[in-house]
Amino acid sequence: MMLARVADSLYWIGRYVERAEHMCRLADVLLNSTLDRTESSGQVARMVVSAISDGDPRFEVSPWDAAVAITMDSEEGDSVTAALARARENARQVRDQLTTETWERLNLIYLRVTGPAAPREFSDAPSQFLHDIIADLHLFKGAADATMSHGEGWGFLQLGVFIERAQLTGRLLQAGFGRSLGRPVTEHAAMTALLRMSCALEPYLRKHTADIQPRLIRQFLMFDEDFPRSLRFTTARIEEHLSGVGRNVDLGGAAGPERLAGRLKARFQYAEAETLTAEDSDLLVATVLEECARLHAGIYENFVAYSLEMRLPA
Amino acid sequence: MRYALADAMQGAGATVHAEAPYDEMVDPSGEVRPHYAALARRVASLSDEDLAERQRLLERFFLLQGITFTVYGAESSTERIIPTDLLPRIIPAEEWATIEAGLVQRLRALNMFLADVYSDQKILMDGVVPRELVLGAPSYRREMQDLFVPHQAYANVCGSDLIRKPDGGFAVLEDNLRVPSGVSYMLANREAAKRTFPGSFRLAGVRRIEQYPDLLLSTLRSMAADWRPNPQVVVLTPGVYNSAYFEHAYLARLMGVPLVEGRDLVTHDNMVYMRTTTGLRRVDVIYRRVDDDFIDPLTFRRDSSLGVAGLFNAYRGGNVVICNAPGTGVADDKAVYAYVPEIISYYLGEDAILPNIETYLCREPSQLSHVLANLDKLVVKAVGASGGYGMLVGPHASRAERESFAEALSANPDNYIAQPTIQLSTAPCLIDGAVDPRHVDLRPFILSGDKIRVTPGALTRVALRKGSLVVNSSQGGGSKDTWVLGAGEQGDHAP
Numbered sequence: 001m002m003l004a005r006v007a008d009s010l011y012w013i014g015r016y017v018e019r020a021e022h023m024c025r026l027a028d029v030l031l032n033s034t035l036d037r038t039e040s041s042g043q044v045a046r047m048v049v050s051a052i053s054d055g056d057p058r059f060e061v062s063p064w065d066a067a068v069a070i071t072m073d074s075e076e077g078d079s080v081t082a083a084l085a086r087a088r089e090n091a092r093q094v095r096d097q098l099t100t101e102t103w104e105r106l107n108l109i110y111l112r113v114t115g116p117a118a119p120r121e122f123s124d125a126p127s128q129f130l131h132d133i134i135a136d137l138h139l140f141k142g143a144a145d146a147t148m149s150h151g152e153g154w155g156f157l158q159l160g161v162f163i164e165r166a167q168l169t170g171r172l173l174q175a176g177f178g179r180s181l182g183r184p185v186t187e188h189a190a191m192t193a194l195l196r197m198s199c200a201l202e203p204y205l206r207k208h209t210a211d212i213q214p215r216l217i218r219q220f221l222m223f224d225e226d227f228p229r230s231l232r233f234t235t236a237r238i239e240e241h242l243s244g245v246g247r248n249v250d251l252g253g254a255a256g257p258e259r260l261a262g263r264l265k266a267r268f269q270y271a272e273a274e275t276l277t278a279e280d281s282d283l284l285v286a287t288v289l290e291e292c293a294r295l296h297a298g299i300y301e302n303f304v305a306y307s308l309e310m311r312l313p314a
Numbered sequence: 001m002r003y004a005l006a007d008a009m010q011g012a013g014a015t016v017h018a019e020a021p022y023d024e025m026v027d028p029s030g031e032v033r034p035h036y037a038a039l040a041r042r043v044a045s046l047s048d049e050d051l052a053e054r055q056r057l058l059e060r061f062f063l064l065q066g067i068t069f070t071v072y073g074a075e076s077s078t079e080r081i082i083p084t085d086l087l088p089r090i091i092p093a094e095e096w097a098t099i100e101a102g103l104v105q106r107l108r109a110l111n112m113f114l115a116d117v118y119s120d121q122k123i124l125m126d127g128v129v130p131r132e133l134v135l136g137a138p139s140y141r142r143e144m145q146d147l148f149v150p151h152q153a154y155a156n157v158c159g160s161d162l163i164r165k166p167d168g169g170f171a172v173l174e175d176n177l178r179v180p181s182g183v184s185y186m187l188a189n190r191e192a193a194k195r196t197f198p199g200s201f202r203l204a205g206v207r208r209i210e211q212y213p214d215l216l217l218s219t220l221r222s223m224a225a226d227w228r229p230n231p232q233v234v235v236l237t238p239g240v241y242n243s244a245y246f247e248h249a250y251l252a253r254l255m256g257v258p259l260v261e262g263r264d265l266v267t268h269d270n271m272v273y274m275r276t277t278t279g280l281r282r283v284d285v286i287y288r289r290v291d292d293d294f295i296d297p298l299t300f301r302r303d304s305s306l307g308v309a310g311l312f313n314a315y316r317g318g319n320v321v322i323c324n325a326p327g328t329g330v331a332d333d334k335a336v337y338a339y340v341p342e343i344i345s346y347y348l349g350e351d352a353i354l355p356n357i358e359t360y361l362c363r364e365p366s367q368l369s370h371v372l373a374n375l376d377k378l379v380v381k382a383v384g385a386s387g388g389y390g391m392l393v394g395p396h397a398s399r400a401e402r403e404s405f406a407e408a409l410s411a412n413p414d415n416y417i418a419q420p421t422i423q424l425s426t427a428p429c430l431i432d433g434a435v436d437p438r439h440v441d442l443r444p445f446i447l448s449g450d451k452i453r454v455t456p457g458a459l460t461r462v463a464l465r466k467g468s469l470v471v472n473s474s475q476g477g478g479s480k481d482t483w484v485l486g487a488g489e490q491g492d493h494a495p
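Order-wise, the sequence lines are chains A and B.
Mapping of the first sequence onto my numbering: position 238 corresponds to residue 238, and the numbering continues sequentially without gaps.
Mapping of the second sequence onto my numbering: position 295 corresponds to residue 295, and the numbering continues sequentially without gaps.
Any given hint could turn out to be false.
Between beta-carbon pairs, the in silico distance windows are [said to hold, decoys possible]:
| no. | chain 1 | residue 1 | chain 2 | residue 2 | range |
| --- | --- | --- | --- | --- | --- |
| 1 | A | 119 | B | 98 | 41 to 49 angstroms |
| 2 | B | 268 | A | 149 | 29 to 37 angstroms |
| 3 | A | 286 | B | 210 | 54 to 62 angstroms |
| 4 | A | 149 | B | 44 | 45 to 53 angstroms |
| 5 | B | 256 | A | 301 | 26 to 34 angstroms |
| 6 | B | 302 | A | 301 | 26 to 34 angstroms |
Hints listed in this document are in silico derivations from the structure and should not be mistaken for laboratory results.
Backbone N, C-alpha and C fix where the C-beta goes; we use that ideal spot for every residue, glycine too.
Hey, can you work out the whole structure from these sequences and the hints?
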């Protein structure tokens with residue numbers, strides 16, 4: 001049993017925390033790979049910009065300015081600071097549902113990135129700054145995993161994490177290989193950067209060795225069963241957590257978002273990954289993004305903003 | 001450090017005159033009182049750096065826990081912690097025994113008073129308390145008339161403000177029977193003190209206060225109807241922007257009950273439900289931290305979005321319990337306050353154990369003229385106001401301020417009471433790295449349900465500005481941990 005508003009907040013904490021971590025990695029890779037002026041650095045910059053915006057002019061600037069905007073733009077924009085502020089604001093609203101250990105981690109990160117010293121720390125050593133945030137976010141997730149009950153609240157937190165993650169990986173795939181956006185990445189350095197942005201470089205190398213090819217990267221980020229950021233892995237987790245939280249809901253026969261999640265999971269579980277053409281991959285990624293948006297809306301309608309008529313006590 | 005401490009003691013000892021404040025640590029001859037001896041030795045043995053480090057630890061604890069309030073600026077907002085003092089305030093066992101007995105007596109009488117005022121009104125018939133004073137008070141709720149309240153426990157949570165007078169005796173300055181706050185600071189101060197002074201703490205024989213959330217939950221459960229064997233208790237908060245939000249979340253978490261906002265609750269067929277992920281779930285007891293005016297837009301203020309439409313009807317129907325009951329404010333009204341000793345003797349046939357502060361009711365012509373003649377010595381308060389608003393502190397006000405206040409007072413005397421300016425007692429505080437006495441008050445918390453429960457501890461509020469008597473956190477006040485010693489403990493052990 002959990003308040004609908006609380007479930008919603010936990011879901012958003014999951015989303016924002018995941019988003020903040022992802023944007024830290026994007027900013028870090030962007031700064032790193034644009035140190036030298038080569039064709040690949042241009043590809044990386046283009047990829048990052050299209051992964052986080054739909055041609056937002058705020059990011060059509062020098063890599064440094066783009067990294068600053070990604071990291072600590074005002075709380076209005078889509079930035080690491082904004083995501084963390086929102087995660088923390090949501091956490092404050094459900095403070096009674098989080099363990100103290102979990103809350104402290106998130107609060108600490110927030111205080112650091114919004115503190116007066118943050119802009120200087122970022123400009124002095126951006127990589128270190130971003131790396132520390134990522135490490136702190138891992139501590140947050142670890143504290144949550146180790147101290148929170150893995151019940152309903154946990155389920156909503158994880159749903160937020162994995163829906164956000166599936167969308168982020170999907171967008172990254174579109175930015176890197178999507179035909180609609182033109183000019184897929186080809187440079188070796190750019191492909192490595194793409195793997196870095198999804199935290200996949202080391203797992204990829206272990207699986208495919210240093211044989212870096214667009215086809216294999218795509219296959220890995222979409223269909224790998226064990227890599228925690230692949231679409232297959234994330235959609236399986238979405239299905240798992242959604243059926244967990246939906247167990248006690250009586251929808252009076254109507255289909256809930258579980259059906260959608262199950263179908264999405266099956267698309268990846270039974271896909272013919274080895275023979276999928278680039279065009280079909282694009283279509284599949286687009287489907288994932290659409291269905292995640294529908295899942296997002298479905299969760300809100302079924303668990304949070306449901307109509308009272310349906311649920312009044314008999 | 002030792003010298004600074006000695007200076008503080010000397011200072012307190014040397015300036016004894018008629019109205020010198022009572023010093024919690026040092027007696028008039030300059031000797032450290034026995035229950036403070038261990039702490040004084042411990043503090044004296046620490047270097048300035050040690051003390052500063054402990055103060056930092058303390059502040060970090062509050063910051064990490066998010067026990068903060070937000071200061072909104074033009075560009076950005078920053079979060080500050082409520083100032084917290086490192087050095088605990090210590091109350092010996094026998095003094096606490098008197099305080100506790102006095103608080104229990106007072107709350108019993110006030111609950112009986114409320115039950116009477118909202119039913120037969122015997123006390124008004126007998127002329128003990130003026131009828132118009134009660135029925136004309138803005139906090140009087142006609143809607144509560146003849147409504148059944150279990151155990152006649154109207155004020156389930158009470159936080160009374162006590163002060164220690166120069167003669168060493170405690171007196172009640174104010175009762176808070178509506179939605180008293182501050183108990184989370186009592187608990188958080190203790191949690192912090194255990195980290196900063198672990199050794200002294202263990203040895204001093206301090207009584208536990210950590211049971212407060214359990215006692216609160218038992219109290220709230222005892223208010224539920226008998227036929228609801230496993231009552232669902234919730235804490236109702238105005239929301240995250242309320243300055244006491246931390247406390248609401250803290251209590252809900254420690255009691256293990258949901259923290260709800262008005263929008264989480266719905267009423268249907270005179271029952272109250274909360275919206276959960278799996279549907280609606282019945283609510284039995286609401287520990288509301290929302291003022292009377294805002295709990296139900298259908299019954300009270302229509303423009304309130306903090307409450308629940310239909311809540312009061314569900315309450316009238318006996319399907320939900322609201323704690324504290326609406327309308328308790330009539331018993332902590334500043335004018336009714338003056339009658340509390342009479343109220344106690346009327347219902348209990350006892351003398352008040354904890355005295356009131358002498359109070360002049362400006363509605364009485366003879367008392368009004370006395371007040372007007374002595375404005376420079378008195379504190380004048382508006383009856384309906386709280387939080388230090390609508391108040392004149394005579395000795396600190398300018399002539400012009402006093403004159404304009406006198407006009408307002410003469411125009412509407414019913415609205416004012418006056419009290420002599422009391423020198424609050426002082427307790428040692430760590431100010432800019434040195435130990436220096438500051439004025440303090442004491443807010444213990446009393447619970448009443450099937451029985452009255454007092455937690456042996458309190459919130460000690462501190463006026464951090466030197467010489468200031470204002471302890472409100474909105475006006476430069478802070479707080480500190482309060483140690484109530486167990487019987488047989490003198491606090492005089494080697495720390």
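List of violated hint numbers, smallest to largest: 1
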